[in-house]
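Line order of the protein sequences matches chains A and B.
Per my numbering, the first sequence starts with residue 1, numbered consecutively.
Per my numbering, the second sequence starts with residue 1, numbered consecutively.
Wrong hints could be hidden among the right ones.
[Claimed, not checked] Pair ranges (Cβ atoms, derived):
# : chain 1 : residue 1 : chain 2 : residue 2 : range
1 : A       : Asp-119   : B       : Glu-107   : 46 to 56 Å
2 : B       : Pro-164   : A       : Lys-62    : 31 to 41 Å
3 : B       : Lys-86    : A       : Pro-29    : 33 to 43 Å
4 : B       : Met-32    : A       : Asp-38    : 36 to 46 Å
[As the list claims (entries may be wrong)] The calculated lysine-lysine pairs, modelled on DSS-like cross-linking and capped at a C-alpha distance of 25 Å, are:
# : chain 1 : residue 1 : chain 2 : residue 2
5 : B       : Lys-62    : A       : Lys-120
6 : B       : Lys-120   : B       : Lys-62
7 : A       : Lys-166   : B       : Lys-120
Hints in this document: simulated from the structure, not taken from any laboratory.
Ideal placement from N, C-alpha and C gives every residue a C-beta, glycine not left out.
There are 2 protein chains.
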Amino acid sequence: MELQLEHVRDILRRTPSTLNLLLQDLSEPWLMTNEGPDTWSPYDVVGHLIHGEETDWIPRAKMILEDGQSRPFTPFNREAMFDKSKGKSIKELLDTFAQLRTESLRELEDLNVTPELLDKRGLHPELGPVTLSQLLATWVVHDLGHIGQIVRVMSKQYGDAVGPWKAYLPVLTR
Amino acid sequence: MELQLEHVRDILRRTPSTLNLLLQDLSEPWLMTNEGPDTWSPYDVVGHLIHGEETDWIPRAKMILEDGQSRPFTPFNREAMFDKSKGKSIKELLDTFAQLRTESLRELEDLNVTPELLDKRGLHPELGPVTLSQLLATWVVHDLGHIGQIVRVMSKQYGDAVGPWKAYLPVLTR
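Bound conformation, chain A alone (with noise of 0.2 Å):
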């Protein structure tokens, strides 16, 4: 499908309710509990789309418009969460979030992108040329990567639970 601006945030702003539907009140283990070493809770995943939302998004879609390919956008941690959601309560790092994303949506607005722009490019560190288009594309991408990536962490906490079931269930062995 070719991108649509109105669909990117139509998706877009989505997100911080149905995260916050799926995990406000949810009792700590379903929450903080991964998928076992290196890899992240639904808890941490709220952290990550947070620091996306502070350095990546909006801050490469600028880049992208403002100085094109000339420097490459400042990579991303991907792992700052780990640090930066500490002492923090789920719904803290759900609220942030959700401002976070409104903020950006009326940045995004703010950029009055045409189709001509979608089409401008930025430098990624290593992917090399991308174009405005497909920084969008992927934002729409990781959230709902990350939507799926927090059910299946949840539905991994029932794996022994559902018995002989577990061969019908192949978000179970994902």
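Guided by the hints, dock chain B onto chain A, whose structure is given.
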């Protein structure tokens, strides 16, 4: 994690609103596109969840409590929605699912499940003996797995639009 009835209820009650948030008023191609031959669109998944409420979860819970292992469950038709959903809007399906889930949770309440009853066994037509506890855990994982499927199918619509970022987005190749 061991199954706790309170957790089962808490997660199951969230699913209709989560699906509403993800899918209500979403544009047609995002709802109706699947992952290729013999795969399901988000629209198909909601129909499948409806059929589960009607014929699978509570009916099987009742069979375990009433019949034990004396007769096997009726096999579940995973693809009944291809006929049953025909001509229905996504709004109709989401509303129907929400109603049925509310009703299922009320029926679950009425079953007055005790820790002893959780260990009671029924007979799965293919898997053999299964407990009520395993059925309830499967219900939870089945919900979470299908939410994950919906966001995965959606994300794949931008599989090309993300350009070189595809390498960093595991959801696109699952």
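>> Output the indices of the hints that this structure fails to meet, ascending.
In response: 2, 5
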